[in-house]
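Q: Read off the chains here:
2 protein chains.
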Amino acid sequence: MSRFWSDIVRDLSPYVPGEQPSSANLIKLNTNENPYPPSPEALAVLGGDVGATLRLYPDPESVALKDAVAQTHGLDRSNVFVGNGSDEVLALAFMTFFAGKGALQFPDITYSFYPVYSRLFGVAIDRVPLTDDFRVEVDSYGTGTGGIILPNPNAPTGIALPRDEIERLLKAVPDRLLLVDEAYVDFGCESAVELIPRYENLLVVQTLSKSHSLAGLRVGFALGQPELIAGLDRVKNSFNSYPVDRIAERVAIAALLDEAYFRTCCDKIVATREWTAAQLSELGFEVLPSRANFIFAHHPAISAIRLFEQLRERNILVRHFEQKRIDRHLRITIGTDAEMQQLTAVLSELVGER
Amino acid sequence: MSRFWSDIVRDLSPYVPGEQPSSANLIKLNTNENPYPPSPEALAVLGGDVGATLRLYPDPESVALKDAVAQTHGLDRSNVFVGNGSDEVLALAFMTFFAGKGALQFPDITYSFYPVYSRLFGVAIDRVPLTDDFRVEVDSYGTGTGGIILPNPNAPTGIALPRDEIERLLKAVPDRLLLVDEAYVDFGCESAVELIPRYENLLVVQTLSKSHSLAGLRVGFALGQPELIAGLDRVKNSFNSYPVDRIAERVAIAALLDEAYFRTCCDKIVATREWTAAQLSELGFEVLPSRANFIFAHHPAISAIRLFEQLRERNILVRHFEQKRIDRHLRITIGTDAEMQQLTAVLSELVGER
Chain A
1 MSRFWSDIVR
11 DLSPYVPGEQ
21 PSSANLIKLN
31 TNENPYPPSP
41 EALAVLGGDV
51 GATLRLYPDP
61 ESVALKDAVA
71 QTHGLDRSNV
81 FVGNGSDEVL
91 ALAFMTFFAG
101 KGALQFPDIT
111 YSFYPVYSRL
121 FGVAIDRVPL
131 TDDFRVEVDS
141 YGTGTGGIIL
151 PNPNAPTGIA
161 LPRDEIERLL
171 KAVPDRLLLV
181 DEAYVDFGCE
191 SAVELIPRYE
201 NLLVVQTLSK
211 SHSLAGLRVG
221 FALGQPELIA
231 GLDRVKNSFN
241 SYPVDRIAER
251 VAIAALLDEA
261 YFRTCCDKIV
271 ATREWTAAQL
281 SELGFEVLPS
291 RANFIFAHHP
301 AISAIRLFEQ
311 LRERNILVRH
321 FEQKRIDRHL
331 RITIGTDAEM
341 QQLTAVLSEL
351 VGER
Chain B
1 MSRFWSDIVR
11 DLSPYVPGEQ
21 PSSANLIKLN
31 TNENPYPPSP
41 EALAVLGGDV
51 GATLRLYPDP
61 ESVALKDAVA
71 QTHGLDRSNV
81 FVGNGSDEVL
91 ALAFMTFFAG
101 KGALQFPDIT
111 YSFYPVYSRL
121 FGVAIDRVPL
131 TDDFRVEVDS
141 YGTGTGGIIL
151 PNPNAPTGIA
161 LPRDEIERLL
171 KAVPDRLLLV
181 DEAYVDFGCE
191 SAVELIPRYE
201 NLLVVQTLSK
211 SHSLAGLRVG
221 FALGQPELIA
231 GLDRVKNSFN
241 SYPVDRIAER
251 VAIAALLDEA
261 YFRTCCDKIV
271 ATREWTAAQL
281 SELGFEVLPS
291 RANFIFAHHP
301 AISAIRLFEQ
311 LRERNILVRH
321 FEQKRIDRHL
331 RITIGTDAEM
341 QQLTAVLSEL
351 VGER
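Protein sequence lines correspond, in order, to chains A and B. Start counting the first sequence at 1; every next residue gets the next number (our numbering). Start counting the second sequence at 1; every next residue gets the next number (our numbering).
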């Protein structure tokens with residue numbers, strides 16, 4: 001029981017699935033699985049032996065995946081919660097920590113799913129304005145009684161807060177949960193994970209979608225002290241016992257443990273980002289300082305929506321948000337060097353035409 | 001807008017993910033995906049080309065999977081909702097249709113996740129007793145103002161309702177949503193799916209976990225008239241944009257379309273079930289008439305918990321529920337013929353020892 005749990009969580013009696021034993025020598029007639037393998041057509045989609053156990057439920061606790069996450073972050077299994085993408089992890093965190101509490105604070109310009117979750121779970125919200133140069137000012141979050149969500153780096157700005165700013169906020173609000181959404185942290189931002197042992201009001205959410213190239217697999221996780229994780233587990237076990245499937249678990253573990261490849265890809269993206277930002281600056285764009293795998297930029301003399309459309313006509317898809325304060329900006333994901341060369345060539349042409 | 005939607009659904013403004021274009025000729029810099037493939041170690045878990053697109057998000061609408069479900073059930077894509085296992089589909093259905101309505105009715109002996117969801121989403125419940133011989137009496141559900149859930153066949157009894165009983169109930173409660181949970185329908189029970197075009201208050205939930213041997217993959221679906229499906233979509237898009245991953249979608253489609261294999265496996269399980277039930281009857285067990293891939297049985301002279309433990313000592317795992325009315329029963333999944341022969345041999349020995 002943690003003081004950060006919502007009333008919903010306190011009263012739950014989660015579903016108890018049938019035992020999933022680790023011994024292979026059992027005749028397992030306890031969870032209504034099918035004794036025959038899936039269709040050969042289904043197995044043909046996969047290779048190797050990965051389909052052989054698909055007839056059986058996954059481990060509802062995802063122990064092997066939690067251990068891989070814990071190992072790569074220097075934490076214990078009891079510090080790890082895993083789910084079907086970080087979007088699901090965030091949704092469950094809203095139910096676990098924010099429902100029925102005071103107004104939730106987050107930046108006025110941020111990931112647009114936060115107000116959606118808030119509405120779904122009846123959470124009042126208090127949007128805290130970014131500064132004029134789109135920075136999070138942590139002192140603005142010192143008042144209030146509900147939780148706080150800060151994406152770090154923020155989206156769609158890409159701007160990061162240093163870890164000591166996060167720590168300053170944690171100290172200022174010891175009775176409020178601070179959820180740091182680190183979906184883009186691996187591209188040069190300082191993670192708050194190392195603060196977890198010292199702050200019981202810190203929950204960090206990460207995903208394999210971006211830095212591990214696994215958006216199509218749907219695996220995300222939360223890290224925090226064991227009481228926070230226990231609250232998430234109670235809600236998850238009252239919602240869906242098995243959110244991470246057998247294949248996703250195996251693929252995710254392999255990706256997590258290949259740290260050298262992960263670092264190499266992140267380094268390449270960071271280098272490409274810096275090159276792209278420099279090119280855009282030369283073309284007259286104002287580019288926010290990004291620590292993410294995207295840049296947020298605007299050109300003082302050209303309409304963003306016009307640029308968006310012109311890029312689209314040339315088969316280049318970027319993102320434009322119809323939202324106050326940022327409707328003159330474009331968010332551009334960092335692709336390969338070749339893709340970014342093509343982008344900057346097209347932008348150079350479009351800026352020149354003006 | 002449907003009168004069956006909960007107030008939660010009416011007020012939602014779901015999250016809008018970045019466009020996922022179908023053209024392959026685009027430079028896609030709009031959804032912050034990674035331009036590089038996942039780790040070779042991760043791809044080595046899989047075979048063929050299935051890992052090649054894992055760096056990209058799945059289709060948030062799962063159109064190809066919905067089309068496969070629609071095709072195999074003689075419905076339209078607009079009649080289909082898909083999710084991360086039927087447990088997730090049920091959880092989203094609770095939010096969409098049951099939250100904030102009158103007391104939800106379901107049998108006193110049934111799938112034990114229903115009261116858990118009810119608690120999570122604050123839904124009052126009205127447990128309707130099964131008859132003394134464990135049958136659902138649909139006339140007992142005629143009163144009340146909230147929704148109704150009936151698993152058909154029921155679990156853990158395995159007893160099925162004929163389709164015309166379901167239809168009689170649909171007619172009796174035109175203003176209340178009836179959710180028929182058909183997790184086990186493919187083992188000889190009449191499905192309510194063909195009633196969907198005629199009843200706007202019917203939602204049918206099915207899963208690939210049992211009859212398609214894909215418990216480890218996490219794919220379930222709901223079928224109903226388009227307004228019901230639209231309500232589920234609004235909640236899903238406020239919770240998790242991409243619950244079905246790229247691999248799960250492909251494997252599920254292949255399994256759905258291989259109907260011959262599916263029928264063969266179901267037929268084998270039904271034959272094994274009938275053989276097992278006959279053997280157990282000969283040993284003095286009372287076996288409920290099952291239309292599922294499990295049987296529910298008790299021996300008048302032997303304690304169920306004792307049998308459970310003795311089977312466990314012999315490496316056979318079955319399920320026992322510590323619950324009033326059924327604590328003298330065992331639920332036994334139908335395995336292969338060889339497994340069931342081993343089970344009946346052990347049971348014969350245990351009954352003989354008595």
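Simulated from the structure, these hints should not be mistaken for lab results. Don't take each hint at face value.
Going by beta-carbon spacing under 8 Å, a handful of chain A positions derived as facing chain B [said to hold, decoys possible]:
#1 T31
#2 P38
#3 D87
#4 H212
Here the structure is a predicted model, which means the values were calculated and not measured. Yeah, the Cβ is synthetic: ideal placement off N, Cα and C, and Gly gets one too.
Q: With chain B as the partner, please determine if H212 (chain A) meets the hint condition of a C-beta pair closer than 8 Å.
A: Since the shortest Cβ distance to chain B is 6 Å, the answer is holds.
Q: Could you check if T31 (chain A) really has its C-beta closer than 8 Å to a C-beta on chain B?
A: 7 Å, holds
Q: Is the hint on D87 (chain A) kept, meaning its closest Cβ partner in chain B is under 8 Å away?
A: 5 Å, holds
Q: Min Cβ distance, P38 (chain A) to chain B: is it shorter than 8 Å?
A: For P38 (chain A), the interface hint holds, since the closest Cβ of chain B sits about 4 Å away, which is under 8 Å.
Checked against the numbered hints given earlier, the structure satisfies every one of them.
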